[in-house]
Amino acid sequence: MSRDVSLDRVTMRFASYVAVNNVSLDIKAGEFFSFLGPSGCGKTTILRMISGFMNPTEGRILIGGEDMKGNGPNKRPTALIFQNLALFPMMSVADNIAFGLEMRGVDKSVRRRRAEELLELVALPDAADKRIDELSGGMKQRVAIARALAVEPQVMLLDEPLSALDLKLRQHMRAELRAIQRRTGLTFIYITHDQGEALTMSDRVGVMSRGQLEQVGPPSEIYNEPATAFVAGFVGENNVFTGRITEVAGGQAVVETGDGRLIGRNPRGIRVGTQVVMLVRPERLKPLAVAGPTPENPNVLSRSVDHVDFEGAFANVHLKQPDGAKPLSMHISNDGSLTDLVGDRVFTVGFAPQDALVLAANGA
Amino acid sequence: MVQLYHRYGALLATLLIAATAIWVLMMVVLPYLVMAEYSFHPNLPMTQQGGPNDVYTLSNYASLFSGIDLLNGELPDDFRVFLRTIWGSTLVTFISLVVCYPVAWHLAKAAKPEQVGLLILLLIIPFWINEILRTFAWYIILAYNGPLNSALLGMGLLDKPYRWLSGSGGVLIGMTYAFILFMMFPLINAIETLDISQVEAARDLGAPEWQIHRRIVIPHAKPGIAVGSIMVFVLAASSYIVPAVLGSPGTRWFTETIYIWFFEGQDWPRGSAYAFILLGLCVVFILSVMRIFRVGLTDIAK
Ligand SMILES: Nc1ncnc2c1ncn2[C@@H]1O[C@H](COP(=O)(O)OP(=O)(O)OP(=O)(O)O)[C@@H](O)[C@H]1O
Ligand SMILES: [Mg+2]
Chain Z
1 MSRDVSLDRV
11 TMRFASYVAV
21 NNVSLDIKAG
31 EFFSFLGPSG
41 CGKTTILRMI
51 SGFMNPTEGR
61 ILIGGEDMKG
71 NGPNKRPTAL
81 IFQNLALFPM
91 MSVADNIAFG
101 LEMRGVDKSV
111 RRRRAEELLE
121 LVALPDAADK
131 RIDELSGGMK
141 QRVAIARALA
151 VEPQVMLLDE
161 PLSALDLKLR
171 QHMRAELRAI
181 QRRTGLTFIY
191 ITHDQGEALT
201 MSDRVGVMSR
211 GQLEQVGPPS
221 EIYNEPATAF
231 VAGFVGENNV
241 FTGRITEVAG
251 GQAVVETGDG
261 RLIGRNPRGI
271 RVGTQVVMLV
281 RPERLKPLAV
291 AGPTPENPNV
301 LSRSVDHVDF
311 EGAFANVHLK
321 QPDGAKPLSM
331 HISNDGSLTD
341 LVGDRVFTVG
351 FAPQDALVLA
361 ANGA
Chain U
1 MVQLYHRYGA
11 LLATLLIAAT
21 AIWVLMMVVL
31 PYLVMAEYSF
41 HPNLPMTQQG
51 GPNDVYTLSN
61 YASLFSGIDL
71 LNGELPDDFR
81 VFLRTIWGST
91 LVTFISLVVC
101 YPVAWHLAKA
111 AKPEQVGLLI
121 LLLIIPFWIN
131 EILRTFAWYI
141 ILAYNGPLNS
151 ALLGMGLLDK
161 PYRWLSGSGG
171 VLIGMTYAFI
181 LFMMFPLINA
191 IETLDISQVE
201 AARDLGAPEW
211 QIHRRIVIPH
221 AKPGIAVGSI
231 MVFVLAASSY
241 IVPAVLGSPG
251 TRWFTETIYI
261 WFFEGQDWPR
271 GSAYAFILLG
281 LCVVFILSVM
291 RIFRVGLTDI
301 AK
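Sequences listed follow chains Z and U, in order. 364 is the number that full-length UniProt numbering gives the last residue of the first sequence; the numbers go up by one with no jumps. 302 is the number that full-length UniProt numbering gives the last residue of the second sequence; the numbers go up by one with no jumps.
It is possible that part of the hints are untrue.
[Unchecked claim] One side of the interface only, derived from the structure: several residues of chain U facing chain Z at Cβ under 10 Å:
| # | residue |
| --- | --- |
| 1 | 195 |
| 2 | 197 |
| 3 | 206 |
Since the hints were made in silico from the structure, they are not lab data. Note that beta-carbon positions come from the ideal geometry of N, C-alpha and C, so glycine has one too.
Bound conformation, chain Z alone (with noise of 0.2 Å):
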């Protein structure tokens, strides 16, 4: 039992600041969505919006099809989990998940019993007589989404619930949460800074900047695609090297660099003369076996090593660049060739068109 989300150009303002500037997306019944954008971007004022604490100045919000304005929070289908939970100290764990029913007159017995389905449901069962304070952030973290579903949401917003925990519980409740929607079947709306949570998590992703919306797409889409330079900035790590388009032809363009001329793959179609960013992920830079430019190896480089960080799974080689620039990073996988690293050496290494995403300076 879910139901789809709709935004239709929505924008917020806070006197003349603009938080959520003309935001339209349509986010399926029983989806994952996150919203991904660094702090102050309005990830939050849109999850307010959706939940009806605010009313958007311009555009409608829509669930199931039905125009929200005018619905309080208690008059929509959604439940908010808030970024710092907002549990009720004064109350026992099962009086926090039933205070829903409790407000809509169910019976005592009744909601003490739903209270323990849920607790079973989100894997606390026998928590229901303890304190909140006795509790520990995970388990916090449990009694949150279960008191959001006792109300029997059709959709569930949840405000960088996982920001307060450490990292090895971070990735487990990841994993609880994402099985908790497959087994409700709700639509989640997700919202979080960290691009590891937004990937990991979700059906899709809405990356936001500055109260835009900058794409919306699957996780290797946003990751693999990115439509402009602040999501391939945001998401991942990048090699940038810097130019102007000389060339353009069959998808790709041609760039006179700094490091000499590179050439990348340009699906928006950027013209010739244009300032541009072109951009290659450090595991996709590789070392190669030639000495220089070839027809199959258009781009290559030999910089010499400034250091590396050793990740475990993977070495993360920092190469020196000519002008004290930022040095280039390369990941070299962890599979029994990392040996000979260590030292001054002079690497060749180069990547392939295909490897490489030209995209407008400007980040436009």
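Place chain U with the ligands on chain Z using the hints.
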């Protein structure tokens, strides 16, 4: 203490502490001890004091309750005053709470920050004026031909002036006004610490406004309510000026009874005993409030 020794050296610090201790002993502890001693002796003429009749007795305490005849519904005057003081102070406490709660809620959570400073200033300004003057101001306002009656008559709410000052009305109004800030500030402080997202969460879960207050705000504000109630009750029960100015002979307060025994009846032992009974009343009230609201001394100290 350690700081004191650090700053002034051992000798001076010891002197300072000793001086403070002596001051507290002489001015605070000793008078009470003397009064306590008085309260357990019969009221004797000077010549017999220390004589064979000067024994320890509880008669001064018992005298408040002697002559109570519940079967015939007869209560001695002093006891009647005592009951009125309990009932009146409770009422003043309750009225203060009812009036303060919405205001405190508004100031702590609803109002814009720039308004709050101004509103609090407006609340405080009247209290820069001396208590006697303030009480006399109420005397003027509540007078038979005073502005309150004129206003009510003018608005057509009354068809003849009301005698505010001959019943308990004046005393209750005056006391509520005098002590209301002692309810207001603990309440504001308590409500202010409530995380507003709890209120929003309750609303999101379908709670109507009154349930939000019943289940979230009031339980959170309990220590503030307890502190405010204790302050107002104790101040009201031990208030002298307000009942003296705004009361009438029919609305005598227990403090006035104590005064009368001390200075008109010249019965210091009984006056002392009554003063301790009043103190006992306040202690009982404090303990029951702490019990009812399940707050400890540490919560109140906050
Ligand atoms: N009630 C408000 N009045 C004025 N400005 C506001 C209000 N609420 C939010 N803003 C502003 O709108 C912008 C977006 O805020 P929002 O809380 O949506 O950001 P966010 O993306 O959730 O950030 P974070 O990751 O830090 O939670 C911020 O610059 C914030 O200062
Ligand atoms: Mg936020």
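Outcome of the hint check:
1. 195: holds, 6 Å
2. 197: holds, 4 Å
3. 206: holds, 4 Å
Every hint, counting from the list given before, is met by this structure.
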